[in-house]
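Using the sequences and the hints given, assemble the complete structure.
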Amino acid sequence: MPRFPLVPALVKNLFKRPLTNPFPAAHLPPSVGDALATPGAIKPPVPMPPGGRARVVYDPASCVGCQMCIKVCPAHAIEFVPGQKKVRLFRGGCIACGQCVEVCAKKSLSMDGQFLLADTNRFSDALVAK
Amino acid sequence: MSEKEITFSTTIGPTHPAFKEPIQLSFELHGEEIVAADFVPGQAHRGVEWMGMRRNPVQILYLAERICGICGVTHAMSFARAVEQIAGIEVPRRAHYLRSIACEWERIHSHLLWAGVAAHELGFDSLFYVAWQAREKVLDLMEDFTGSRVHYSTIAIGGVRRDLDDRVRKAMDETLAFYESVFEQLRRAFLEDDTVRLRCVGTGVLTAKEALELCAVGPTARASGIPWDVRQDHPYAAYAEVPVKAVLPDAYTGETHGDVYDRIVVRVFEILQSVQLLHQLLDQLPEGPINACPKPVALLMRLKKATGEAVGMHEAPRGEVSHYVRLAAAEAPLSWKVKASSYSNYMSWVPMLVGEQVADIPIIAASIDPCISCTDRVLVRKGGGSGGASSSGQVLTKADLTRLSVAKTRRLQASAAARAEVVR
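In the order they appear, the protein sequences are chains A and B.
Residue numbers for the first sequence follow the numbering used here, so the first one is 1 and each next one is one higher.
Residue numbers for the second sequence follow the numbering used here, so the first one is 1 and each next one is one higher.
No lab work stands behind these hints, which were simulated from the structure alone.
Any given hint could be a false lead.
What the hints assert, rightly or not - Restricting the straight-line Cα-Cα distance to at most 20 Å, the calculated cross-link-like pairs of lysine to aspartate or glutamate (EDC-like) are: (1) B:Lys295 - A:Glu102; (2) B:Lys339 - B:Glu21; (3) A:Lys16 - B:Asp125; (4) A:Lys12 - B:Glu184.
As the list claims (entries may be wrong) - Interface residues of chain A toward chain B, partial, derived using beta-carbon atoms under 10 Å: (5) Pro49; (6) Gly51; (7) Val103; (8) Met111.
Only a predicted model underlies this, so the values are computations on that prediction, with no experimental measurement involved.
We put the beta carbon where it would ideally sit given N, CA and C, even for glycine.
As structure tokens, then:
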């Protein structure tokens, strides 16, 4: 007799609701940002656990321009602005390894858990921290 | 030529839906049967080592991690081991354990990913979803443990970056219990299902002799009965204190065939082995510091002064990975060479594929768990494949093209003159 051990699991799955949002454009809300704010409109992304690495936030006021973050950045995503003795961080190139955050002596860099960063312009204000 | 000897050639790739990454396979076919097989790698070269020549070892570590999109620990681990040997950095005991813990979780997730891909290649998509659903738990756990789902960035030169706290420890115990509860279902689904057995038993055989001759590594070699495992043969990290024995298929089936089914057996039982290892590692986890060089400035200065060469090895889910690093008292390393595990396993495709049918190509190609983009470093073909037309290997420069063009004009002129001679 042929053995198909997966059949019970498959039958069970027939009665489960999908975990994902329906994809075709007809199902999409007009604005994903608004829909995320409205409960129940779409299934929200799974929240990041504490300590999850995502967007880097820069506080220029406390930065002293020591350039250590530039030395450890694997993606060369941080550049130095010599006139102001500050840095500029390009989130489009950032790989979110979190090295700069750990190395910063003045705690000018931090991560805020925000990971929905898509933009059509890689030099837009949302993608350049300065 | 008799009818039996007539073959036709076909190629699959470089980009083809059957492969997740670009590689070209070419076949000589007699009907459905494969008479000869060959492959052309080098379609996904990204110049990672070239980028490394312009970065310091602390930066390279996170670049190395991004060589592979599946094994987030593997390359960072090998690279860190090489650099630590050169700079003489002694990794604390707790860091060794935490590294091994990350490695074993990665093995579970990589093998489940492979199992899903293999099922998908067989056309058995329900099994693919079952395997990937189980895999999701590791990704969530690793996000909790290290901060990211795939590129963990948890290895640092001199230790690890994050300690294991009570909350994550509890999550690990829960996830281990989950895998123990689903293992039996996965084992039955992969090893007892008639669909899988029909397609995999006796398909793509690699004998132990061929595996030795072609230097296969990892589960590909172990499925052919070669008991090789870096964790067993050259213990590193915590594997000296938590011994590992290479998983061989005969422990389950009673005999070794070296076919696709045996490769599934090895991987499925390595998932179980990893779960057992994780229990031991978590139970024996010692207290203490997690990084020998917690200060990045001091570490960078130390690495800038270091001179020497070393090879760092690691048993990745696909087999042995090695990184050769040479530091010469400078910001960037003098040399960095990466050998991914699939590099050693590619050649075993040829004996596996010959004699099989076209329909078996996807599952046999997938059975070595190829990681194609990891493997592609630099491809140099001496003399080129174009009959010596170029003076510098594969690349035809402008000068080469001019030379070829002039030569063709001369040839045509000569033949035109010869024709004119005949007419006259």
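- Task: Measure nothing beyond the straight line between the CA atoms of Lys12 (chain A) and Glu184 (chain B); if it is 20 Å or shorter, mark the hint as holding.
- Result: 17 Å, holds
- Interface restraint verdict for Pro49 (chain A) against chain B (beta-carbon cut-off 10 Å): 4 Å, holds
- Report holds or violated for the interface hint on Met111 (chain A), using the least CB-CB distance to chain B and a cut-off of 10 Å. 9 Å, holds
- Query: Would the pair Lys295 (chain B) and Glu102 (chain A) pass a check requiring their Cα atoms to be no farther apart than 20 Å?
  - Reply: 10 Å, holds
- Item | Restraint outcome when Gly51 (chain A) is required to lie within 10 Å of chain B by C-beta distance | Result: holds, 5 Å to nearest chain B Cβ.
- Message: Please verify whether Lys339 (chain B) and Glu21 (chain B) have alpha carbons no more than 20 Å apart.
- Response: 18 Å, holds
- Agreement of hint Val103 (chain A) with chain B interface, Cβ distance less than 10 Å: 5 Å, holds
- Query: Between Lys16 (chain A) and Asp125 (chain B), does the CA-CA distance stay at or below 20 Å?
  - Reply: Holds, because 17 Å separates the two Cα atoms, which is no more than 20 Å.
In this structure, none of the earlier numbered hints is contradicted; all agree with it.
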